[in-house]
Every structure is written in C-alpha cells, then in structure tokens.
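Residue numbers (my numbering), protein chains in the order written: chain Z, 1 to 402; chain A, 1 to 402.
Mixed in with the good hints, there may be bad ones.
If chains are identical, the list can't say which one is meant, so a pair holds when it fits in one copy or spans any two.
Stated by the list, open to error - 25 Å max Cα-Cα, derived DSS-like pairs, lysine-lysine:
1. K193 <-> K212
2. K97 <-> K74
3. K97 <-> K321
4. K92 <-> K74
5. K203 <-> K11
6. K93 <-> K352
7. K97 <-> K50
8. K79 <-> K93
9. K132 <-> K50
10. K187 <-> K293
11. K220 <-> K390
12. K390 <-> K321
13. K394 <-> K335
14. K93 <-> K321
15. K97 <-> K212
16. K398 <-> K293
17. K321 <-> K394
18. K293 <-> K93
For the record, the hints were derived by calculation from the structure and aren't laboratory data.
Here is what each chain is made of, one letter per residue.
There are 2 protein chains.
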Amino acid sequence: MKYNRNFYQIKSNDEIFEKIVEEQKTIGYYRLPFQDTKEIKEFAKTVTQKHIVIIGIGGSSLGTYAIHNFLRNKQNDKKLHFLESTDPLDIKKRVNKIDLNNALFIVISKSGTTIETLSIFKYLHSQTTIDKSNCVCITENDSKLNEYANKHQIKTFEISKDVGGRFSVFSSVGLVPLAILGVNIDKLLDGCKEVYNSFFCNKEYYEELMTKARFLVENKNRFNINVVFSYSSLLEGFNKWYIQLWGESLGKININGTRQALTPIGLLGPVDQHSFLQLIIEGVRDKTVTFIKIEDFEEEITIPDISLDYLEELDYINNIKFKNIINHQADSTIKAIEELKDIPTDVITIDKVDEFNIGKLMYSFQLLTSIVGKFVQINTYDQPGVELGKVILKNKLKVKIN
Amino acid sequence: MKYNRNFYQIKSNDEIFEKIVEEQKTIGYYRLPFQDTKEIKEFAKTVTQKHIVIIGIGGSSLGTYAIHNFLRNKQNDKKLHFLESTDPLDIKKRVNKIDLNNALFIVISKSGTTIETLSIFKYLHSQTTIDKSNCVCITENDSKLNEYANKHQIKTFEISKDVGGRFSVFSSVGLVPLAILGVNIDKLLDGCKEVYNSFFCNKEYYEELMTKARFLVENKNRFNINVVFSYSSLLEGFNKWYIQLWGESLGKININGTRQALTPIGLLGPVDQHSFLQLIIEGVRDKTVTFIKIEDFEEEITIPDISLDYLEELDYINNIKFKNIINHQADSTIKAIEELKDIPTDVITIDKVDEFNIGKLMYSFQLLTSIVGKFVQINTYDQPGVELGKVILKNKLKVKIN
Chain Z
1 MKYNRNFYQI
11 KSNDEIFEKI
21 VEEQKTIGYY
31 RLPFQDTKEI
41 KEFAKTVTQK
51 HIVIIGIGGS
61 SLGTYAIHNF
71 LRNKQNDKKL
81 HFLESTDPLD
91 IKKRVNKIDL
101 NNALFIVISK
111 SGTTIETLSI
121 FKYLHSQTTI
131 DKSNCVCITE
141 NDSKLNEYAN
151 KHQIKTFEIS
161 KDVGGRFSVF
171 SSVGLVPLAI
181 LGVNIDKLLD
191 GCKEVYNSFF
201 CNKEYYEELM
211 TKARFLVENK
221 NRFNINVVFS
231 YSSLLEGFNK
241 WYIQLWGESL
251 GKININGTRQ
261 ALTPIGLLGP
271 VDQHSFLQLI
281 IEGVRDKTVT
291 FIKIEDFEEE
301 ITIPDISLDY
311 LEELDYINNI
321 KFKNIINHQA
331 DSTIKAIEEL
341 KDIPTDVITI
351 DKVDEFNIGK
361 LMYSFQLLTS
371 IVGKFVQINT
381 YDQPGVELGK
391 VILKNKLKVK
401 IN
Chain A
1 MKYNRNFYQI
11 KSNDEIFEKI
21 VEEQKTIGYY
31 RLPFQDTKEI
41 KEFAKTVTQK
51 HIVIIGIGGS
61 SLGTYAIHNF
71 LRNKQNDKKL
81 HFLESTDPLD
91 IKKRVNKIDL
101 NNALFIVISK
111 SGTTIETLSI
121 FKYLHSQTTI
131 DKSNCVCITE
141 NDSKLNEYAN
151 KHQIKTFEIS
161 KDVGGRFSVF
171 SSVGLVPLAI
181 LGVNIDKLLD
191 GCKEVYNSFF
201 CNKEYYEELM
211 TKARFLVENK
221 NRFNINVVFS
231 YSSLLEGFNK
241 WYIQLWGESL
251 GKININGTRQ
261 ALTPIGLLGP
271 VDQHSFLQLI
281 IEGVRDKTVT
291 FIKIEDFEEE
301 ITIPDISLDY
311 LEELDYINNI
321 KFKNIINHQA
331 DSTIKAIEEL
341 KDIPTDVITI
351 DKVDEFNIGK
361 LMYSFQLLTS
371 IVGKFVQINT
381 YDQPGVELGK
391 VILKNKLKVK
401 IN
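With the rest of the complex left out, here is chain Z (with noise of 0.2 Å):
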C-alpha cells in the first residue's frame, strides 16, 4: 500500500515571497506601473468629445470608476457614462443623458466578445452612426473585437494576455478614459511603483503586506468576512472595486481540492454606522474591519455659529470643519472597536487626494490579493466558476425565446 498527499500548509513568508517574484514571469499587472505611456497620452490629446462613453462590465469599468470617483474634483469638465447592465430601464436612463453627436464611445472588452458588452455596443449602432471618428476598442490583440476595429479603422489598446480584468486597471483599460478625463496617469503609476519599489526591494512594506495576509488566512476560517470601512464618499468606487478583487480572486477550489473564501463587503462611513456598525460591534466575532481615512479633504466648509431654538445643546459642533467631523467619526468608531479587543481591524491613512495616493491604495491591495493567493494555494487569476452560467445562457438565448 502506497499513500500519498501534499495536504494544504501554510508556507513562510519567505517561501511566499519567492512564488511571488517567480509568479511576474506569467502574471502581467506586476509590470504595469513600468509602462511607457507615451501613445496614450497623445491619444487623449486628440479627443474633442465631450461625453465619454465606456462601454464594458467588471473588470472592465470597476477600477476606472474607483479613480474616476476618487478625483472627482480634479479632472476637466468631460462627461463620464458607464454603460454596462442589461437592465433596459437602467440602458434608457443611461443612454438619455448622453449627447450621442458629441461622444466617444470606448468598448472595453478583454474576451472581445462579452455579452453585456457587445449587447449594449449594438444597441447604440441603433442609435447613432459609430465608426473610427468616435469609437475606441480595448482588448485583446487577437480577438474578434479588435479584427472587427481593424477592419473599420478603429482605433485599438491592447489588453495584454496576462493581465487579468480585475487587476487590468492600470493597463490601457484604466489608463485611456483616465487620460481623456485629465488624471495624471504617470503620478498614477508612480504610486503603484512606490509600492511595488517598497515591497520588491526596500521591503519597508514587505512585513505590513506579509503580516496582514498571514493573518487573515491563518483566521480565514474564524473571520471569513473582511470589511473594507472607508471614510470618505470619494472612496464608494474604490469599495466596489475591491469587492470584485477580493471575491473573484479569492473564492476559488486550491490545489488540495478545498474551498477557499474570504468575502469582501465595502461600507461608507459615516452613512453606515446608522446601519452595519451594530452588526460588526454586538454581532457574531467573524469579521474583520479595515477602516480608510482621508487625512486632508482639502474643502473647508464649516458648521456655521448659529443656535437654533430648544437646540442649544447642539452648539457644540458649531464653527467645526466638516472635514474634521467625518475624521472624527472616523477616529470614534475606531476606538469604539478597538475598545473591544476582540475585533481585528487595521487603518489606512491617505494623505490627500491625489493620483499617487489611489495610484498606491489600489497596487497595494493587488498585491495583498495576490499573496493571499498564494498562501492559500489557489489560481488568483482565472475565475472558472462563471463559465457554467454563461454556457447556459448561451443555449437559452440561442433558442431565441423572445
């Protein structure tokens, strides 16, 4: 009789590490931050449309979304739609604010053939003429999407083959509409490479990194909910985003066969202290909460001095910055927590909003979702699980009931 198994086990750092240094060979978003951005910015130059239309679901339109909404006071005065849901009352509403004779149209699909996407593409060929004067394809060199640009001469982007959807943000999918918009997309990359620099070679963030993911999947089967807290409404797409990054990376099978999760939820404070804080601090001990503050708002709107009748005792807050308000809910609800001592959490500061800021929080939670994987032995890449669905509608549509 013969047996045997290579069981799961939790690696050391080191050994960690190494899989990810080896992993840049064949995993693409590494390199990114290295890119030469030369042909996109020329690009954005040329753009005369007002409206902006990205049409693309996912990985696709998340990231750009979260940097879009991050600087939403930094950028010029072009009009940004997403076009992604099959929702018919959601496309009518979308569409009715676009001026379709003054937009461009960016098709984002890394497949070239994604069925929301193409979907919604043809729908708006019912709606207006689109040709190489407004039309912009990003994808895969080799897909039917980009023979179809090439045939119209349409301007394409390549989506390299390595660089998966939902770490695809700072590739050309993010990068060209951010660059139309006016974000300064190389201060972006310089964020990503602060990190990248950090963690590769100083390693000042190596131990930060490494304990976090060490933690989270030594506790993964005890806090299987990890809370994403952020303090900020400039931070609603950056939350969305790691949603996808964190769930679609990580709800995998590894390579002992056992299923792996650690679920992602994204809150808003202060909004949701009047709703999931109770649950985080009297609930059930399986979640952990990283909390993301905004050190500086840069905008001085203040509570202004006035007393209003059978009110006084709340002239407290008055002549209170609104900035300092939401810091210090911030800073309350994270004392309150830690007060307990049984709630894991940690904070991330950001500084001030800029490009190298979201350029940095964004690499850097790539990179904890990529060692993560790691630890847990999965594939962080790929996502297998979807494709059942797809098979089944295709059948169905293709029965044509309509």
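Could you slot chain A onto chain Z? The hints should help.
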C-alpha cells in the same frame, strides 16, 4: 447546590408566531399598513417646490431611497435630493445641484438630535433662509426638533416612539416625501396589507416566511452570510435598505448572552456576475442566496438585427429584448447555482414595477427580520452597540479641535 439556566433553544413555529402576535402591542411598524394617510396626501398636494431635499441618515433615508429608486419612472418631475453624509466634498456636490430658492427641506430625525442631520441643517441655514415656507420636520413628538419646529410654526409629522428607524419606511418618514413625488402611498400600503393579512389571517405566507426564517436560524453558523442578488438596477436602493434592516436588527447579543449575527450582502445582476459570483460558486459554502427578479420591466428596447464584421458569432442575441436578456441571465445564474446542490437559494419574482409590489416586498422582509429575531431571542428593534462611538465623538467634538 442549585443550578438553573435557560440556554438558547429554537422554539416551535407556532410559539414564535404567538410571540410575533404578542409583539404587535409594543412594536409599531406592524400597524403602519392600516394608518390614515389623509393628512399626508393633503399636505403633499400643497407642495409647490421643484426640489425636495431629505436631510436624514440611515433609517430616515434608506427606505425612501429604495422606493424612489424602484419607482423612478413612475413619479412626477420633482427632483429628490438626499443629504446625509458629513463628507464635505459630498455635501458640496449635492448642495450645488439644488435650486435653494425652489426647495422644500424635509428634516428627518427620530431623536431630533442626530449629529449628521443637525450639522447639515445648520450648514443649510448659512446658505439660504429656512422657515415654515420651505421646511417640514419629521420627528418624535417630544423631541427638541419638534419644539424647534413648533416655535417656528414649521409643519411637523410624527414618528411614533414604537416605530424604529429601520422599520419606519411606511410611516410619515417615507410616506411624506414619496407622496410629494407622486407615489400612490395607499397602493404601497395595500402591498403591506396583503403581506400582513396573508401572514396573520389566511396564513398563506405563514409557511413561506417561517420555513425560511427557521432554515436561516438553524444553519446560521454554517451559512453566516445572506446574499440578496437583485436582477435590476431598480433594486439598488432596496439592497441598501435590506443591509441596514438585516444587519442592524440581527447583529445582537441574545438573552443567553451569546452573539448573534446574520451578515447581509446586496448584489446587482448582471453586473455582479462579473464580480462576486465566482466567490459564491467556488468559495466556501458560507452563504445563502436570495434572488430577486422583475417579471416585466415594461420597457421594450431590443438588440437590433445588426451583424458586426468578425463578430457574427454573436448574432444569436439579435432581435432579443433587453428585458428578456436580463431575465435569462438571472435564470442561468440560478440554474448554475442550483446544479451545485449545496448552496441554499430562493427566488422572489416581482410581477411588475409598481407601488403594490414594492410595498409587498419590503413589508415581507421586515416581517422575516422580526421572525428571525424572535427565533434567536434578541431585541430586533434596538441598536445599543453604536452608542459608545457616539459618546466618544461627542467628547472629542466638545474639545473643539478645528
């Protein structure tokens, strides 16, 4: 030696039912379907302003937003705004969209001293004149806000003390703004009544809700996450409302001193097929999934009969209505998950987009929450866990660090 302990035990369905019947004496939301709406409807007719501004957070805004979002194509042309976050950039952005000279401000705070609400209310005083001609207050009838309103002859509507914030959508909190927007609030309450009568009288819903609640409770340690997967952007607000209702009601310490929690997650299809679905399908079996579909979107937009060069393989989607595409996507995802046979799912299908159906949906979720709360022997209606943070904040702000 004597030892006695009433450890947690799940009661029979009939015992729980009796407790729910008993609870109606002290918990106000049960009777809301049967209220007289005359005063609200008459007031709504007198509103001439174009911009309706809700100043309220959590339970004071989420329910109204959910119904407004669902019925967005069935309202008059007034513009609804929500001011709730203390994020200075968010406040500026939202206030900029309001015509302050043509606005009605609806201040909603049960306690009358909610810090976010009063901060924003004070800030608005510095931007425009607020008096009885453009302001309404919705609050408890002995709150300081009520006294303030009375002193300034500002119209008030009462929130009954026994109606909690997250159970208040069918009180004046939701009905006043919704009536102003042209929503048929009586039909909304008719939907609630149908659920009420069906559960308490003819008991049609009795088995459905009891069975679901019991399943969730008996398996709460295995499936600690309850996903609502809504296949329409019309339900985005409903998802947020559900998260507050479920999380804040059920995240509690029960009568035996043990922590309870069922963690809510809200997803939107088809977009989240490209995000969270992988985690559901291949990840750890720690989630139940409730799908919500809309039978008829009443919107006929169709994929045109266009063939794109090199993309002819996608011609099978031609001539299909989007409302059918999205429902085929829902059905395909449901089927793919059902085939796995180890993820608990249920499917709610809404016949059409109207007041009656959203009333039904939301009231049945409130009832389900109450039943689960009784099973796990908690107080479903309070939120003691968030008080500590409020005290810490007050102390911080009183030190006045600007």
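Hints, one by one, checked against the model:
{"no.": "1", "hint": "K193 <-> K212", "in the structure": "within (20 Å within a copy, 50 Å between copies)"}
{"no.": "2", "hint": "K97 <-> K74", "in the structure": "both (22 Å within a copy, 18 Å between copies)"}
{"no.": "3", "hint": "K97 <-> K321", "in the structure": "between (34 Å within a copy, 21 Å between copies)"}
{"no.": "4", "hint": "K92 <-> K74", "in the structure": "between (29 Å within a copy, 14 Å between copies)"}
{"no.": "5", "hint": "K203 <-> K11", "in the structure": "within (19 Å within a copy, 56 Å between copies)"}
{"no.": "6", "hint": "K93 <-> K352", "in the structure": "between (34 Å within a copy, 18 Å between copies)"}
{"no.": "7", "hint": "K97 <-> K50", "in the structure": "both (12 Å within a copy, 20 Å between copies)"}
{"no.": "8", "hint": "K79 <-> K93", "in the structure": "both (15 Å within a copy, 15 Å between copies)"}
{"no.": "9", "hint": "K132 <-> K50", "in the structure": "within (16 Å within a copy, 42 Å between copies)"}
{"no.": "10", "hint": "K187 <-> K293", "in the structure": "within (21 Å within a copy, 43 Å between copies)"}
{"no.": "11", "hint": "K220 <-> K390", "in the structure": "neither (30 Å within a copy, 31 Å between copies)"}
{"no.": "12", "hint": "K390 <-> K321", "in the structure": "between (50 Å within a copy, 18 Å between copies)"}
{"no.": "13", "hint": "K394 <-> K335", "in the structure": "between (51 Å within a copy, 13 Å between copies)"}
{"no.": "14", "hint": "K93 <-> K321", "in the structure": "between (36 Å within a copy, 16 Å between copies)"}
{"no.": "15", "hint": "K97 <-> K212", "in the structure": "neither (43 Å within a copy, 42 Å between copies)"}
{"no.": "16", "hint": "K398 <-> K293", "in the structure": "between (49 Å within a copy, 21 Å between copies)"}
{"no.": "17", "hint": "K321 <-> K394", "in the structure": "between (54 Å within a copy, 15 Å between copies)"}
{"no.": "18", "hint": "K293 <-> K93", "in the structure": "between (33 Å within a copy, 19 Å between copies)"}
Against the hints set out earlier in the document, violations occur for numbers 11, 15.
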